[in-house]
Amino acid sequence: MSAAWGTDAAAAPAAPPLEVRDIEKTFPGVRALSGVSFDVRAGEVHALLGENGAGKSTLIKIISGVYEPDGGSILVDGRSVRFSSPDDARRAGVATIYQELLLFPELTVAENIFLGHAPLAGAGRIDWRAMRAEAERLLAALEIDDLSPDQIVSALTVGNRQRVEILRALSHDARILIMDEPTAALTESDVTRLFDVVRRLKRRGVGVVYISHRLDEIFAIADRVTVLRDGAFVGAREVAATNAAELVQMMVGRRIDNLFPKTKAPIGAPVLEARDLVRRPLTKGVSLVVRAGEIVGLAGLVGSGRSELAQTLFGITPSESGDVRLNGESVRIDSPETARAKGVAYVPEDRGVQGLVRPMSVLHNFSLAALGGLSRAGFIDRASERRMAEQGVARFSVKTSSVDEIAGRLSGGNQQKIVLGKWLANNPKLLILDEPTRGIDVGAKAEIHRLMSELAAEGVAILMISSELPEVLGMSDRVLVMREGRLVAEFDRAQATSEAVGAAMMGGTSSPGKAA
Amino acid sequence: MSATAVASPASPLSGAWRRLASQEALLAVAIVGLAIVVGLINPRFLATRNLADILLGNAYIAVAAVGMSMVIISGNIDISVGALIGVLATVSGSLAVAGAPILVSWLVPLVLGVAVMAAQGAIVAYLRIPAIVVTLGMLSILKGGLISVTGGKWITDLPQNFHLADLSLFGVPMPVVIMVLATALAALWMRHSPRGRAIYATGGNPEAARLCGVNPQRTVLMVFALHGLFAGLASLVYATQLRVIQSTTPQGLELTIITAAVVGGVSILGGVGTVVGSTLAAVLIAEITSALVFINVSPYWTDAVRGALILATVIADILRRQRRAARGWKR
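Residue numbers (this note's numbering), protein chains in the order written: chain A, 1 to 516; chain B, 1001 to 1331.
None of these hints come from the bench; they were simulated from the model. Hints may contain errors.
[What the hints assert, rightly or not] Partner residues are not named here, just some residues of chain A that face chain B (Cβ under 10 Å, in silico):
| hint | residue |
| --- | --- |
| 1 | 98 |
| 2 | 340 |
| 3 | 343 |
| 4 | 368 |
| 5 | 369 |
| 6 | 381 |
[Stated by the list, open to error] Facing chain B, according to a computed beta carbon distance under 10 Å, are these residues of chain A, among others:
| hint | residue |
| --- | --- |
| 7 | 355 |
| 8 | 358 |
| 9 | 382 |
| 10 | 422 |
A virtual CB, placed ideally from N, CA and C, is assigned to each residue, including glycine.
Isolated chain B (complex conformation):
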């Protein structure tokens, strides 16, 4: 009987092929390919100094995108993260300038990040208010609150030992260490732990997840809390590499972070994506921004290019799905 076609021997091959054609692999190819092309036009692009700047200056975006990916995979969205990072950076810098122990000025943004995001997660999960509404509200509160409290005054005269980002571990600068560790740990946890799997199940089908013993509400709360932790970490990397912290919220930061997640292959519908993809996408976006400078394109084009990248990714994704559907995948 033909009904018993079990896992065929060809499956490891097709699995490998699928991995090769994955979003992560495409991004890695794009990163290297772009470097080669731009390097041919302007060899200075490939200078170690420039490549390091690209990574160091944007590591915090990748870190925040890790949390954002989790949120989107769980079927939610957060547009308050950019404002939150601004607030946390300001808090951290102010503490350091006020003479708090350095460890305190590093830890408080992490704790505060978790608290703010967990509060939003609780509202989303238990009061069942759409995340876009909740986080839009929080965006305004954080933005307005920050300006009102600080009056837009810059934080200067940061103590020397505040600059976590200037440290390095085995010769690797701290921002890169944090980016790689955050991505790797999150990726392993999401793929291989029950709670990580619960995030995919909740985003893919909350009802089925619930019947399988996953608590979707608790999962959403947990995802937001973790997202807050990564936002705190991102704010730390961001604040400690600056000499001056402008106590405003970075313009459009949340969009850059969401872009990284989406370009990294996270489905905006939830249930699909990886944090490795989002980190690679964050690097690619940073590389593109820098490349534009090196090939003498006005930096004003950066936003347009970023937008085109989002559209290209989403369109590519849709086309891939349509081709699948045209080949047919259901009877």
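Next comes chain A alone, as it looks inside the complex:
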């Protein structure tokens, strides 16, 4: 495919450079996309909106040649094509910038841009001068004046690395650039500079597919927006002719009513009483109480020591000093085994690393934390094990073809439901949840919230860490705020407003400085 990022493409009402029609894609047990159509015109930013699990990732993987669709067609300049590899897509002018940047940190900016297609000076030698000049030209084209071709990539900020990836895409004469949540790891000033670059790309006639969760960004940068939900096409709108309320409605459907359904539960005796817990460096004398039937939200900024506190309570990093009482009994929790034996359950933040044994079946993952109770004479009672897993799958609405499916093949939300269900199979008295709904779709989220309420009603004491303030405020009977390793504020449900809790998180003394 030849170079074509001139402006002539934008002038004629020709076929869009990229279009997909009626795409179908099914994974084992899950229909990921059904009948999705989508197109990108030259010189526009087309946002792709939808929750996790809505099918955005699958769609961009099809557009970029990672997956082949089961049905439907891909058209480049109106001609039907087949992408059987990312390379095919690249040759057709489609470049993708993933969330995880794919750069070589020890090479220079220019080397990274031209890796694999460096200008040659004969006899297979790289023409360094030409490469440098080309890199300069690309930098100039996007009016980037604070990057030089000779900088080593490892010394660059995330925002600058991302711009290197964009330059790399341009060096391949990309006409369609897919950006998967490009602002997820950026500081505010980086976002501004990214948007400048995106606008210049538009002017050059590049079509940008822009994926983001953040509505304000979509209104700032996009021309059109397509919304997906549960793998289906919901609608496409001109950004100028829509508003946030409509987009949210399209994204979540009517399920938004199900969010945060914390119901009243009788609050009983203290289940967890911790006093002056210390575990350096991030737990500096924490005292707290969680009662039966109570959901206590633990708010705080990233790095405030919330997850570390949870890990200390669960014995992963045992406390150095302080007392813990569980149901009035003084205990020393020195390992996860002890914690588990005392009726404490912990659902970790990073389910991939900490929660799930991915090569194992759903069945075996469900029973893993409850094997002691399921065993007779040293052997697992297979019938009750299967019953337990099938009940768990039903109770948590885990989308899987069968309990014998390998857990690692399910979607993120479904994996999280398994991790949660695995712990509940053990009938814990105290449940510690670290970011229970991060990165899962709204449907799964509502189910997890419903479950938390149910458990509280059954008398389980729940300590929930969450970075989503609405979740903390909606689900908690009480909100504790942690900052720099200490609990700094406590609010009843009635007092807990986002302003009050937010202010306590930021703190009066240390204002949130600009991220470097």
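Mind docking chain B on chain A? Use the hints.
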């Protein structure tokens, strides 16, 4: 709402289909298929005597592969097992020749096997040194130690009642009995006991296993100790079917054992595999070695064929995974 697709009624069928396409089933088909093909070329291959020789002569490899599979499934590896089997066989034979009670000469290799492997397991689990390094060290110690102590002298004149492998139970020769029992018990235990499940969890994701109350370090130690028991058992079968024990370590034995585990479907990355698979693979490898003789291929090709088998298995495994990935299994 479409989000509540629970275990569909089709699942028993797909489960059965999956079992049918499993590594174990493929190996069983390969064993029978190879026998038929070679039998057509040279009918003498199918003589009972030859088939029995294949099983008897290689049962000890299958027994050792049971332990090796556990070690690999737990996310580790052991390359000292071949040398250990040589040492244990020598110890066992020497005891018998020195006039120790026969039961002692049978039991000592089992105990010693557990001790040596448990020591390695402890180093791997608690000092967190990679198993390949620890067992490479042990390989050299055992190999060098054996030669230094015995001077390479052969052990002859073994007492008649030493030969456990010559016995039979209900007409089935002892090596086969031991192989089948070891495989069956280990398979049941690994699949249906909490500790067996802990091995898979530890190999699949030690961090998650730990949070679920599995102690990965203790599991690794236990796996190595058990592996030592199976190595001891293997050495016993190996030593007691020989009339003369060469007090050296069998050349490349550890590789044959690892091959059996890998060809049997044990993932070298840990977390996946069965001991039934490894035993079937051990039989298949033995069958191939014998078949080469019967179809007049130089025995020097054995190693090459074995190597090709490893590559074929691993490639087949990767291709299967890629096809799965291409069909897509995650959103």
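Just to be careful: measuring from the Cβ of residue 368 (chain A) to every Cβ in chain B, is the smallest value less than 10 Å? Constraint on residue 368 (chain A) satisfied, holds at 5 Å.
Let's test the interface hint: is any C-beta of chain B closer than 10 Å to that of residue 340 (chain A)? 4 Å, holds
Classify the hint on residue 422 (chain A) as holds or violated, based on whether any CB of chain B lies nearer than 10 Å to its CB. 7 Å, holds
Hint check, residue 98 (chain A) versus chain B [nearest Cβ-Cβ separation less than 10 Å]: 15 Å, violated
Go through the hint on residue 381 (chain A) and say holds or violated, using the shortest Cβ distance to chain B against 10 Å. 9 Å, holds
Measuring from the C-beta of residue 355 (chain A) to each C-beta in chain B, is the shortest one below 10 Å? Since the shortest Cβ distance to chain B is 6 Å, the answer is holds.
Checking hints one by one. Is residue 382 (chain A) an interface residue toward chain B, by the C-beta closer than 10 Å rule? 7 Å, holds
Minimum Cβ distance from residue 369 (chain A) to chain B below 10 Å? 4 Å, holds
Should the hint that residue 343 (chain A) touches chain B count as held when the rule is a Cβ pair under 10 Å? Given a least distance of 12 Å, the restraint on residue 343 (chain A) is violated.
Hinted contact residue 358 (chain A) with chain B - closest CB pair below 10 Å: For residue 358 (chain A), the interface hint holds, since the closest Cβ of chain B sits about 6 Å away, which is under 10 Å.
Hint compliance for this structure: hints 1, 3 are broken, all remaining hints hold.
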